[in-house]
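Enquirer: Work the whole structure out from these sequences, hints included.
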Amino acid sequence: MPTALITGASRGIGLELAHALASRGYTVIPTARTLEKAKGVAANGDGFVPLELDVESDASVDTAAERTKAMGMKLDVLINNAGVFPMPWSQEVFDKAMNVNLRGPVRTMRAFAPLFTDGARVINVSSGYGRLTHSSPAYRQTITNCATVDEVLNNIKFDAKDETMKGTNHPAYKISKACLNRVTQIMADDPDFRSRNIKVFACCPGWVRTQMGGPNATRSIAEGAASVLALVEPKDEHVSGGFYRDGEPISFE
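Going by UniProt numbering, the first residue of the sequence shown is number 1, and it counts up by one from there.
Honestly, the hints are just simulated from the structure, not real lab data. A hint or two may mislead.
Below, in silico cross-link-like pairs of lysine to aspartate or glutamate (EDC-like), each with a Cα-Cα straight-line distance of 16 Å or less [as the list claims (entries may be wrong)]:
{"no.": "1", "residue 1": "K74", "residue 2": "D62"}
{"no.": "2", "residue 1": "K157", "residue 2": "E92"}
{"no.": "3", "residue 1": "K37", "residue 2": "E52"}
{"no.": "4", "residue 1": "K37", "residue 2": "D54"}
{"no.": "5", "residue 1": "K157", "residue 2": "D95"}
{"no.": "6", "residue 1": "K96", "residue 2": "D159"}
{"no.": "7", "residue 1": "K74", "residue 2": "D118"}
{"no.": "8", "residue 1": "K235", "residue 2": "D246"}
{"no.": "9", "residue 1": "K96", "residue 2": "E56"}
{"no.": "10", "residue 1": "K39", "residue 2": "D58"}
{"no.": "11", "residue 1": "K235", "residue 2": "E223"}
{"no.": "12", "residue 1": "K96", "residue 2": "D58"}
{"no.": "13", "residue 1": "K39", "residue 2": "D54"}
{"no.": "14", "residue 1": "K96", "residue 2": "D54"}
Pair by pair, the computed Cβ-Cβ distance ranges are [claimed, not checked]:
{"no.": "15", "residue 1": "K39", "residue 2": "A160", "range": "37 to 45 Å"}
{"no.": "16", "residue 1": "E56", "residue 2": "K166", "range": "19 to 27 Å"}
{"no.": "17", "residue 1": "D236", "residue 2": "D192", "range": "19 to 27 Å"}
{"no.": "18", "residue 1": "G72", "residue 2": "A160", "range": "46 to 54 Å"}
{"no.": "19", "residue 1": "K39", "residue 2": "M1", "range": "17 to 25 Å"}
{"no.": "20", "residue 1": "T133", "residue 2": "M87", "range": "28 to 36 Å"}
{"no.": "21", "residue 1": "D118", "residue 2": "R67", "range": "18 to 26 Å"}
{"no.": "22", "residue 1": "P137", "residue 2": "A43", "range": "43 to 51 Å"}
{"no.": "23", "residue 1": "M1", "residue 2": "T148", "range": "30 to 38 Å"}
{"no.": "24", "residue 1": "R196", "residue 2": "D62", "range": "18 to 26 Å"}
Glycine is no exception: its CB is placed at the ideal position from the N, C-alpha and C atoms.
Expert: Written out as structure tokens, the structure is:
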């Protein structure tokens, strides 16, 4: 029986994914910032192994990985779904967006990598807002020039004077998702991942009617989750390191 771990699984797309994968015969590890919230996912069904995991905390992520290993479990699928959608352009908001939307998935990938099965799939839930066209020329160049994950983590700084980002909606969210996309590209070329046929994808679920997306969004939660599910068992045309919506490739640019 394959196993899938989902971050941010207590509501919205993450909750939908948890139940969809359980119905497909997966053992699902739904994670949330508290064990109580993670257990709530499993309240109405079997096949769940709830786990506390706060993507903002190195210690929490490491502990979750250690507990998964202690249970003798391996991961066939990791879905980095947890995210935030902050508004203003400020240092505090930028740091929050980067810690959750970028560093969170990196923490999780690194901590759980030893537990991936050969042929495992990592799906980073990104956004069309992560396309580089939504970033300023300066950020676009800096992100594109990053050749390693650590460069993405360390080289992308808050620039209070960037007029393009100051004048756009959800600027910190856009930058954090653009960085996550770049990490996806870099991790797909990781020698260990390549030798074990581990595939890494970025996925846009679309604008979804969740607590984060709001009531005016154009897609249902089920439709957003379906975009992610299309990559759980990828087809030959799904290239590791690619960016997809509804199973179809979209541009990083």
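Enquirer: None of the hints should be skipped; say for each whether it holds.
Expert: How the hints compare with the structure:
no.: 1; hint: K74 <-> D62; result: 15 Å, holds
no.: 2; hint: K157 <-> E92; result: 12 Å, holds
no.: 3; hint: K37 <-> E52; result: 8 Å, holds
no.: 4; hint: K37 <-> D54; result: 11 Å, holds
no.: 5; hint: K157 <-> D95; result: 9 Å, holds
no.: 6; hint: K96 <-> D159; result: 15 Å, holds
no.: 7; hint: K74 <-> D118; result: 10 Å, holds
no.: 8; hint: K235 <-> D246; result: 13 Å, holds
no.: 9; hint: K96 <-> E56; result: 9 Å, holds
no.: 10; hint: K39 <-> D58; result: 22 Å, violated
no.: 11; hint: K235 <-> E223; result: 19 Å, violated
no.: 12; hint: K96 <-> D58; result: 15 Å, holds
no.: 13; hint: K39 <-> D54; result: 14 Å, holds
no.: 14; hint: K96 <-> D54; result: 13 Å, holds
no.: 15; hint: K39 <-> A160: 37 to 45 Å; result: 42 Å, holds
no.: 16; hint: E56 <-> K166: 19 to 27 Å; result: 25 Å, holds
no.: 17; hint: D236 <-> D192: 19 to 27 Å; result: 22 Å, holds
no.: 18; hint: G72 <-> A160: 46 to 54 Å; result: 49 Å, holds
no.: 19; hint: K39 <-> M1: 17 to 25 Å; result: 21 Å, holds
no.: 20; hint: T133 <-> M87: 28 to 36 Å; result: 20 Å, violated
no.: 21; hint: D118 <-> R67: 18 to 26 Å; result: 22 Å, holds
no.: 22; hint: P137 <-> A43: 43 to 51 Å; result: 48 Å, holds
no.: 23; hint: M1 <-> T148: 30 to 38 Å; result: 35 Å, holds
no.: 24; hint: R196 <-> D62: 18 to 26 Å; result: 21 Å, holds
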